[in-house]
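**Student:** Could you put together the complete structure from these sequences and hints?
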Amino acid sequence: MSRRYDSRTTIFSPEGRLYQVEYAMEAISHAGTALGVLASDGVVLAAEKKSTSKLLEPAKSSEKMYMIDEHVACAVAGITADANILINQARLHAQRHLYNYGEAQPVEQLVQRLCDEKQLYTQYGGLRPFGVSMLYAGWDKIHGFQLYQSDPSGNYNGWKATCIGANEKGANSLLKQEYKEASIPLSAALQLAIKVLTKTADATTLTPDKFDIATVTLVNGRVKYTQFNETESQALLDMAKAESASADA
Amino acid sequence: MSGMDCLIGFTGKDFAILAADGNAARSIMVYSQSEDKILQLDSHKLLAVGGDAADCIQEPDFFKKNMDLYAMRNGVALSTQAAANYMRGEKSTNLRKKMSVVDMLLAGYDEADGPSLYFLDYLASMQKLDKAAHGYGGFFVNSLLDAHWRADLSEAEALDLLECCFAEIKKRFMVSMPKFTIKVVDANGVRIVDRATK
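Here the protein sequences line up with chains H and W, keeping their order. For the first sequence, the working numbering begins at 1 and goes up steadily by one. For the second sequence, the working numbering begins at 250 and goes up steadily by one.
Hints are all accurate, no fakes.
Below, simulated SDA-like cross-link-like pairs (lysine to any residue); rule was C-alpha separation at most 25 Å, straight line: (1) Lys141/H x Gly438/W; (2) Lys377/W x Tyr99/H; (3) Lys141/H x Lys262/W; (4) Lys314/W x Ile142/H; (5) Lys262/W x Ile142/H; (6) Lys313/W x Leu98/H; (7) Lys313/W x Glu108/H; (8) Lys141/H x Val325/W; (9) Lys160/H x Val325/W; (10) Lys141/H x Ala361/W; (11) Lys141/H x Gly338/W; (12) Lys347/W x Asn100/H; (13) Lys141/H x Asp435/W; (14) Lys49/H x Gly170/H; (15) Lys313/W x Asn100/H; (16) Lys141/H x Asp317/W; (17) Lys224/H x Gln330/W; (18) Lys419/W x Glu404/W; (19) Lys314/W x Gln95/H.
Listed next, with one range per pair, are the computed distances between beta-carbon atoms: (20) Gly158/H x Ala302/W: 41 to 49 Å; (21) Tyr124/H x Ala373/W: 34 to 42 Å; (22) Ser341/W x Leu92/H: 18 to 26 Å; (23) Ala436/W x Thr207/H: 47 to 55 Å; (24) Leu92/H x Asp443/W: 46 to 54 Å; (25) Ala182/H x Lys347/W: 49 to 57 Å; (26) Leu92/H x Ser292/W: 25 to 33 Å; (27) Glu230/H x Ser374/W: 49 to 57 Å; (28) Glu404/W x Asp41/H: 36 to 44 Å; (29) Phe311/W x Leu92/H: 24 to 32 Å.
To give a feel for the contact side, a few chain H residues facing chain W, derived at Cβ under 10 Å: (30) His97; (31) Tyr99; (32) Asn100; (33) Tyr101; (34) Gly102; (35) Glu103; (36) Pro106; (37) Glu108; (38) Gln109; (39) Gln112; (40) Lys141.
In short, the hints are calculated from the structure, not lab data. All residues carry an ideal CB built from backbone N, CA and C; glycine is no exception.
**Tutor:** Set out below in structure tokens:
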């Protein structure tokens with residue numbers, strides 16, 4: 001019915017919607033879940049890795065989580081090729097800032113710059129928007145630990161906990177239920193992330209090869225991005241299983 | 250580079266202090282002896298400048314406007330370190346584009362890092378220092394600063410140290426510098442202070 005307003009990305013529909021942006025978000029809803037949880041002493045990023053075929057050679061580096069700079073990391077959901085472009089731009093922004101100002105770029109600024117880029121594609125050029133939503137986890141001396149989410153429209157928000165990608169509605173309502181206090185420690189954040197991921201994952205049982213989990217923390221005054229390896233991920237799964245068993249008992 | 254502007258700066262216990270002479274002169278003619286060569290860059294930053302008269306107005310003004318823009322865009326001012334690096338980068342780019350002869354001492358106070366002092370010169374060198382000076386007058390006081398500066402000077406001690414420097418300049422530098430402007434930056438911001446009176 002309003003199909004005639006679809007093909008040009010840079011015009012509104014009569015109802016005041018940007019269809020191409022909405023279709024981009026639709027594309028993201030088919031991608032592997034990624035979620036972030038903010039803790040008082042760090043930020044957790046977790047993502048489900050959707051493997052579409054058994055023949056696929058496992059990737060050497062994560063296709064869901066990326067380090068942007070030493071103090072910022074991000075998880076993506078959506079078209080991987082689009083994500084790569086944005087990640088590269090984010091890295092450039094971060095280094096340019098470091099080059100000009102001799103210090104790490106504040107996290108919100110980095111997010112804003114990327115969102116400005118995304119917004120361009122909704123207003124100029126007649127090119128389609130990026131089919132990627134991103135979660136940014138980082139630390140700076142202005143606001144401490146932060147978690148942000150951006151989407152193809154170029155809007156962004158700061159979150160205590162949020163989820164993007166497949167099953168994000170269910171995951172978000174679960175996070176809303178479970179994130180009770182004003183702030184939680186990293187250990188609780190990790191458990192919460194695993195719990196939500198377990199519920200929303202496609203696979204019936206979660207194994208370390210099916211998801212990535214990472215944290216941004218302060219170690220000896222320096223920001224550290226840690227991607228959990230298989231053993232560490234398995235340890236988290238075991239802890240979660242024990243917790244849920246004791247909760248049921 | 251002209252050397253006739255005397256700039257002195259150092260950090261104290263929880264403040265940074267800058268002093269600058271008040272002479273505006275060319276050749277044998279003194280235009281004014283009550284020039285204020287210490288510019289307030291933002292709520293917690295001071296910049297003492299020396300060198301070419303016109304450049305000393307234009308360059309800091311350009312920096313200040315860009316820093317104000319940054320603060321407005323991002324809701325927070327640049328830290329002293331970031332400001333120093335930014336200015337150095339601009340001076341470096343200008344080095345082979347235009348002649349801009351401005352020596353600077355940047356003094357700032359940051360909540361996280363406390364007081365700091367940065368030495369920048371017209372060739373775009375930059376160094377974070379505890380104590381620094383520019384100009385011919387500066388040559389006379391470097392050794393005094395080396396001898397008498399300590400890590401946690403009180404404001405009174407800092408003013409005494411400055412008087413020591415001014416006395417040396419008065420005695421040994423052939424150009425008369427009757428008036429010095431002194432400004433302090435600390436957690437509460439920026440203020441002008443009077444010279445210590447014996």
